[in-house]
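Student: Next come the chains, spelled out residue by residue.
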Amino acid sequence: MTTPVLEIRNLHARIEDREILKGVNLIIPPGEVHAIMGRNGSGKSTLSYVLAGKEDYEITEGEVLLNGKNIFEMGADERAAAGLFLAFQYPIEIPGVATMTFLKAALNAQRKARGEDELKTPEFMRLVKEAGAQLNVDSDMLRRPLNVGFSGGEKKRAEIMQMALLKPSLAVLDETDSGLDIDALQVVSKGVNSLRDGQRSMLVITHYQRLLNHIVPDVVHVFSDGRIVESGDKSLALKLEAEGYANYGGEAA
Amino acid sequence: MTDYGIPTLKEEIDRETVEQVLALDVDKYKYGFESDIESDVAPVGLTEDTVRMISAKKDEPQWMLDWRLEAFRRWQTMEEPNWAKVHYPKIDFQAISYYSAPKSFKGPKSLDEVDPELLATYAKLGIPLKEQAILAGVEGAAESVGTPFGANVAVDAVFDSVSVVTTFREELAKQGIIFCSISEAVREHPELVQQYLGTVVPVTDNYYATLNSAVFTDGSFVYIPKGVRCPMELSTYFRINEKKTGQFERTLIIADDDSYVSYLEGCTAPMRDEHQLHAAVVELVALDNAEIKYSTVQNWYPGDKNGKGGIYNFVTKRGDCRGVNSHISWTQVETGSAITWKYPSCILRGDGSRGEFYSIAISNGYQQVDSGTKMIHLGKNTSSRIISKGIAAGFSDNTYRGQVSAHAKAKNARNFTQCDSLLIGDKCGAHTVPYIESRNGTAVFEHEATTSKISDDQMFYCQARGLSEEEAVALIVNGFVRDVLQHLPMEFMVETQKLISISLEGSVG
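Protein chains in written order, with our numbering: chain A, 34 to 286; chain B, 62 to 570.
If you are wondering where the hints come from, they were derived from the structure by calculation, not from laboratory data.
As the structure is a computational prediction, the values presented were derived from the model and not from experiment.
Ideal Cβ positions, reconstructed from N, Cα and C, are used throughout, including at glycine.
Be aware that a few hints might be false.
Claimed, not checked - Label-pair distances were calculated between CB atoms; the ranges are:
(1) F154/B / R147/A: 53 to 63 Å
(2) K200/A / M551/B: 46 to 56 Å
(3) G212/A / N367/B: 45 to 55 Å
(4) G490/B / E106/A: 34 to 44 Å
(5) E498/B / R176/A: 53 to 63 Å
(6) G490/B / D173/A: 52 to 62 Å
(7) D544/B / D171/A: 57 to 67 Å
(8) R176/A / T512/B: 22 to 32 Å
(9) M551/B / G231/A: 26 to 36 Å
(10) N367/B / D251/A: 50 to 60 Å
(11) V494/B / N58/A: 37 to 47 Å
(12) D50/A / V494/B: 13 to 23 Å
(13) T512/B / D171/A: 48 to 58 Å
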């Protein structure tokens, strides 16, 4: 059996005294796209932060394996170098740092951590152009400081472009559809879909079915009160859209 | 990035920054080596005889000695200032030696006559004494990226109390530019020195400036004739080597009508347990339509991580925009010194003159920085611009102190001031102390100030993209100071970005 790209076993996590993740189990084999749907406050975003290595959370139980390796022994930067990518729901502004500069620093830091040579500039430029073309990221945007003054659509395009450049084995997309109009949603989805190559796995977190019309998942999970309560194929998303989350208990956010 | 796929300097620098961070050992001051050079050192202590001895060592004319003695007498009646937000034990001015010169140094300067150990020292500092390379037949050897100075830079190197070598002099002389040590200028160009010395920073200006006037040992002298645009960057590299010595250099730059010069200054010192005093005076004079751009990268030894040792940097720098439409611009990167007390200022005397101050001041460990500027608007239609970026980490204190004033006759004076402070950690302090004074209804002064911290969200975002903690801090800080970095000459940008990373080592985690 091939090693899953992501394996979450009985994951419990808390912030201060509040337990947010209450026993998450999830396996994503290579090449599969899984969606997690759930209402606000169900713990979806916490799951993405815990996976990426944000320090605010305390892991009380369980383990997470990325390509067979325990990620809780790695810092956020090491997880990134090991192939984990989180597309932020609210991308952070880095004033004064040109997007291009940031991309290069990130890519080379990861390459270095993996023992690879840093990219020479022409090679880097080629990759940036490639990654940017599909997402309508032009050279003007690359010159602007990262996320500073970016519109909602620009921020999300920049996130997906980073993913295209960094080529992770697992991409976690946290509410990538939030703040996007239909046109922007299409551009972003197209970018994401072009990165589906039968090997790369994705975990798409959303509470609207709308996104899943564009990024069609192999498996849909319903998240409620800190755990996965039901899993199914893409038709589950449609069912949720029609019936809402009421059947899955938990308090409304 | 250019459209042709050639990396821009900025990108190269960014790469360098990250490389540099990765190559770091924690808690290392890379210029902390000591050179084993035999020196001629004056006995410790300060009396009139010390002043006479310095003057005699330099074969000075009587008028220079008289000037020094006058300053010394004044100094004896003065008191050490204590208004700055810095704390240190009282300095014993009788425990310092006021003169130290490498023994092998004598008379006319060509590289042949310089102690090889001294050249090795400068090589370690990364200074391309280009003539050295040319003499050795190594063309382009000095052009490698990553040295503090690029290839097209004339260097005056000051070691302890004397200027040891000045490069490119002949080439400059063809255009009538004088670039030499101040000692030499006193001997060779007394009329210029007498006309301008002490006219911007008067002998009686302040305690340290007066002390400097009495005991200054060397420094650079620059004169740019009318209508000449200096074809290369001029620079001085200061190095304190000898123990228990003070360095008191004096720099005088005169830009005659319609001329332009860009001047760079770099400083380092060995690591020592005791504190060493550096009390320099820099005077700039810009005549009609002249422009002087003065850049400093100050990296004196800051002391160890417990605050032991380090340089006291008590410096008076002032520019006089004496002519109409003259322009003086100060750019400083302050990363070193245990204590920095320094306010490069502009007197905007000429109508339509312009003053600028761009500053990056980084403090870490137990460093104390009290720095800023003064913009004194005297002429009509004068304008000034201040951009200060203070970064405090560790247990350090970082104060911006600035004065902007408009005289009654300074019609339409304009100032824009922006002071931004960035705090790293919660044991350090940032303070902003602006003094704004207008005696003129037509003056418009604007002041903006911000204080921020590197947020956990920014750190997490960068780390989630694969940057280590230190890489993330270096990147964010370099972004924070970008407005000022852009004003540095190319030659200094690379070095500065590295310095920023080095200075902030160990500031997180």
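Student: Take the hints in turn and mark each one as holding or not.
Tutor: Hints, one by one, checked against the model:
no., hint, result
1, F154/B / R147/A: 53 to 63 Å, "holds, 57 Å"
2, K200/A / M551/B: 46 to 56 Å, "violated, 34 Å"
3, G212/A / N367/B: 45 to 55 Å, "holds, 49 Å"
4, G490/B / E106/A: 34 to 44 Å, "holds, 37 Å"
5, E498/B / R176/A: 53 to 63 Å, "violated, 40 Å"
6, G490/B / D173/A: 52 to 62 Å, "violated, 39 Å"
7, D544/B / D171/A: 57 to 67 Å, "violated, 24 Å"
8, R176/A / T512/B: 22 to 32 Å, "holds, 28 Å"
9, M551/B / G231/A: 26 to 36 Å, "violated, 48 Å"
10, N367/B / D251/A: 50 to 60 Å, "holds, 58 Å"
11, V494/B / N58/A: 37 to 47 Å, "violated, 59 Å"
12, D50/A / V494/B: 13 to 23 Å, "violated, 43 Å"
13, T512/B / D171/A: 48 to 58 Å, "violated, 35 Å"
The earlier numbered hints that this structure contradicts are 2, 5, 6, 7, 9, 11, 12 and 13.
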